[in-house]
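Engineer: Here is what each chain is made of, one letter per residue.
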Amino acid sequence: MTAATGAPGPSARRSVVRDSLGVGVAVGAYGFAFGAASVAAGLSVLQSCLLSMLAFTGGTQFAVVGVVAGGGSLVAALGSGLLLASRNTLYAMRLAPLLRVRGMRRLLAALGTIDESTAMAIAQREPALSRVAFWWTFGGVFTFWNLSTLLGAAGASAFGDPSRYGLDAVIPAAFLALLAPRLRSGAVERRVALGGAAIALVLIPLTPPGVPVLASCAALLLAVRVREATS
Amino acid sequence: MCGTASRGPRAGGDVLNLWVLVVATVVGCYVLKLAGYLVPARVLDHPRTRRAIELLPVALLAALVVVEALASGRHLDWNAARLAGLAVGAIAVWRRAPFLVVVISAAVTAAVLRQV
Chain A
1 MTAATGAPGP SARRSVVRDS LGVGVAVGAY GFAFGAASVA AGLSVLQSCL
51 LSMLAFTGGT QFAVVGVVAG GGSLVAALGS GLLLASRNTL YAMRLAPLLR
101 VRGMRRLLAA LGTIDESTAM AIAQREPALS RVAFWWTFGG VFTFWNLSTL
151 LGAAGASAFG DPSRYGLDAV IPAAFLALLA PRLRSGAVER RVALGGAAIA
201 LVLIPLTPPG VPVLASCAAL LLAVRVREAT S
Chain B
232 MCGTASRGPR AGGDVLNLWV LVVATVVGCY VLKLAGYLVP ARVLDHPRTR
282 RAIELLPVAL LAALVVVEAL ASGRHLDWNA ARLAGLAVGA IAVWRRAPFL
332 VVVISAAVTA AVLRQV
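Chains as they are written, first to last, in this note's numbering: chain A, 1 to 231; chain B, 232 to 347.
Among the clues, some could well be false.
[To be verified] Okay, the calculated bits of chain A under chain B, using three or more residues with CB under 8 Å as the criterion:
hint : segment
1    : 110-123
2    : 128-134
3    : 178-184
Note that these hints are calculated values from the structure, not bench results. All figures in this text were calculated on a predicted structure; none of them were measured in a lab. Here a beta-carbon is modelled for each residue, glycine too, at the ideal position from N, C-alpha and C.
Chain A extracted, bound-state conformation (with noise of 0.2 Å):
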């Protein structure tokens, strides 16, 4: 923090920019798992692009699909999405006084703030270079990931089912490796995780599709229980 007056110098904006750019090209490769698991589940070519350019959260957006594709209800594929998504909320709260929007480039921030993004901001030390790192990130990663959308779902929707390519393994695995960070910071973590899964599992057979993965939030309970118990 000893560079807390003055711009910082354009040796450090072209690193944040660098890293940023490099944080959309490798995001971007999920947007061909989402386009084609998208259109697989039964969406056209044009609204798994809405779905990438206006909901804008990849997690979500995985999930809203994932239901569709179990044959479960709309409630249920909305309400697991919703959820997975109120995380941004709280990145938001915690950008707003990094990034200091009103007016129009307030509501252009709310469509950005996604995982990366805020990952990448929160990790500067200057509110100067956060704000760059935001924006950057922002940019590449929806540069990508729509391009990338509309590659995936238009090719799934030309090349016929996807399982011969293997997708049904890649989304599950694309799941895990949005757990996989999580899962390293804590044990309160791994364990909410293993109930959900457990949940998840023992409801597949006995519930609608995409109940499973509403119920799994009870797992939250099992975590502050044990918080509880221990303090």
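Since the structure of chain A is provided, determine the placement of chain B on it from the hints.
Structural biologist: Structure of chain B alone, referenced to chain A:
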């Protein structure tokens, strides 16, 4: 995809439902994001609320891994190629491989096993 006889073939109602779902998802996701910029920071600042919102994705993502790996409608489907693909993807995740490596290794494993 996994349509059963009881649900019948995809009809106009399903197409309409998909549009309702897409629009509701888009609006809901945007409102959740914008809300964080509009509400005063202390509203959600209770440590327990914050912790719950942090832990929510953990439970949901773990459940989604299980459901996407094993569920076929209301049945458990222990598909060997899919599970092998997931296992190889999991090893890549554990070794902190880039996301592209995770995706490709899972896909190639499952696809190759289906050809054998």
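Engineer: Each of the hints needs a verdict: does it hold here or not?
Structural biologist: Each hint tested on the structure:
{"no.": "1", "hint": "110-123", "verdict": "holds (count 3)"}
{"no.": "2", "hint": "128-134", "verdict": "violated (count 0)"}
{"no.": "3", "hint": "178-184", "verdict": "holds (count 5)"}
Consistency note: the structure conflicts with earlier hint 2 alone.
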